[in-house]
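Enquirer: Work out the full structure: start from the sequences and follow the hints.
Going down the list, the protein sequences come from chains D and Y.
So the first sequence is numbered by numbering that gives the first Met the number 0: it starts at 0 and just counts up by one.
So the second sequence is numbered by numbering that gives the first Met the number 0: it starts at 0 and just counts up by one.
No wet-lab data here; the hints were simulated from the structure.
There could be a bad hint or two in this list.
To be verified - With a straight-line cut-off of 25 angstroms between C-alpha atoms, the simulated BS3-like cross-links for lysine-lysine are:
1) Lys125(D) with Lys51(D)
2) Lys114(D) with Lys51(D)
3) Lys108(D) with Lys85(Y)
4) Lys108(D) with Lys125(D)
5) Lys53(Y) with Lys125(D)
6) Lys108(D) with Lys4(Y)
7) Lys51(D) with Lys108(D)
8) Lys4(Y) with Lys114(D)
9) Lys4(Y) with Lys51(D)
10) Lys85(Y) with Lys44(Y)
11) Lys108(D) with Lys120(Y)
12) Lys53(Y) with Lys108(D)
13) Lys120(Y) with Lys85(Y)
14) Lys125(D) with Lys85(Y)
15) Lys85(Y) with Lys4(Y)
Stated by the list, open to error - Reference excerpt, derived from the structure (chain Y facing chain D, CB under 8 angstroms, subset only):
16) Asn16
17) Arg50
18) Ala87
19) Leu110
20) Arg125
In this text, all values refer to a predicted model and were calculated from it rather than measured experimentally.
Beta carbons: idealized from backbone N, C-alpha and C, even for Gly.
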Amino acid sequence: MKGAQKMTFRDFTSVVDYRTREANSGPSRVDPSPFRGVWVNTNDSAPHRIAKLVMSVRDGILMVHAWGYCTPDPCDWGEVPAEVFADSINSQTAMSFTATFDFGFMETKLQTNLKRGTMVIATTNKFSDLSGRSDYYTREFFYQIDDD
Amino acid sequence: MEAGKYFRAGDRAELANDGVDRTIDLAPFVGTWVNTMRDTQGFAKLIVSHRDGKLFVQAFGAAAPELCDWGEVEAFAFADRVDSRKGAGFDAHYDTGSIEVAFQANMNLGLLVLLTFNRFKDGDSRAHYICREFFHR
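Expert: Here is the structure:
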């Protein structure tokens, strides 16, 4: 294609990925603690919302326990491990995580980021049960509450 | 596998069991998308196309003197509800061997909002990181 060079496989994808002195040797350890706690949805009217998340850290791994909005009681999705991401290659503070809930008939992926104290969660939801339901995308907002 | 289960009230199967074709409309995504930041150091351009009912994305990273062509990968489209065929977002995945990049895109007010999740492999000292960028047609 004119005006572009074919990607050569290397260990960076743009200049922001270049190694610097701040990125020292050894595996990166991104601190997941900013996510620890109880988070609730800002929109209590959306029928396809995640109602609540309880997040904890065990052995350095961020664990995500989610509940979907259902009546009369929330649907417990169970707990899964998450993978955390920083906002740059040199940061050790988590700004984002991804997690996957596999329900058998549907797979829901959570892809999140923190913004000014709000956690933004995008979900992609893929059905495998031939029920005619469309795979769908959501974007939801959460705030943190006291966990007692 | 039992059909029709749900884990959110809005996912109930009866919302979509009317026999209507819900093939997701890919048209909202298709086109050439340019980063709103002309001096971006991330992705400068995306070409989104569809063939045989499938969605594809070709990404171009900022580089000089020419953009860096990442090649084309298949993307997967999502509607905005279980009973909708309106294209609301897509995801895609690149693997360069040493870096994995997951794309998660959604449409908002005529913009394509791209969130990338960048994972370095093999115990690399660089932190996995996210990047959010905006594109216009």
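Enquirer: Tell me if the interface restraint on Asn16(Y) is satisfied: Cβ within less than 8 angstroms of some Cβ in chain D.
Expert: 6 angstroms, holds
Enquirer: Lys53(Y) and Lys108(D): Cα distance at most 25 angstroms?
Expert: 21 angstroms, holds
Enquirer: Measuring from the C-beta of Arg50(Y) to each C-beta in chain D, is the shortest one below 8 angstroms?
Expert: Status violated, d = 17 angstroms.
Enquirer: Straight-line Cα separation of Lys51(D) and Lys108(D) no greater than 25 angstroms?
Expert: 15 angstroms, holds
Enquirer: Has the given pair, Lys4(Y) with Lys51(D), been kept, meaning a C-alpha gap of at most 25 angstroms?
Expert: 20 angstroms, holds
Enquirer: Does the alpha-carbon distance linking Lys120(Y) and Lys85(Y) stay inside the 25 angstroms limit?
Expert: Since the Cα atoms of Lys120(Y) and Lys85(Y) sit roughly 36 angstroms apart, the hinted pair is violated (cutoff 25 angstroms).
Enquirer: Check the hint pairing Lys114(D) with Lys51(D) against an upper bound of 25 angstroms on the C-alpha distance.
Expert: Judged against 25 angstroms, a Cα distance of about 18 angstroms means the pair holds.
Enquirer: Below or equal to 25 angstroms on CA atoms is what counts here, so check Lys125(D) against Lys85(Y).
Expert: 15 angstroms, holds
Enquirer: Report holds or violated for the interface hint on Ala87(Y), using the least CB-CB distance to chain D and a cut-off of 8 angstroms.
Expert: 5 angstroms, holds
Enquirer: Hinted pair, alpha-carbon criterion (25 angstroms max): Lys108(D), Lys125(D). Please report holds or violated.
Expert: 9 angstroms, holds
Enquirer: Sort out whether Lys85(Y) lies within 25 angstroms of Lys108(D), counting only the CA atoms.
Expert: Given pair Lys108(D), Lys85(Y) holds - Cα atoms ~20 angstroms apart, limit 25 angstroms.
Enquirer: Interface hint check: Leu110(Y), Cβ to nearest Cβ on chain D, cutoff 8 angstroms. Holds or violated?
Expert: 13 angstroms, violated
Hint violations for this structure: numbers 8, 13, 17, 19, all remaining hints satisfied.
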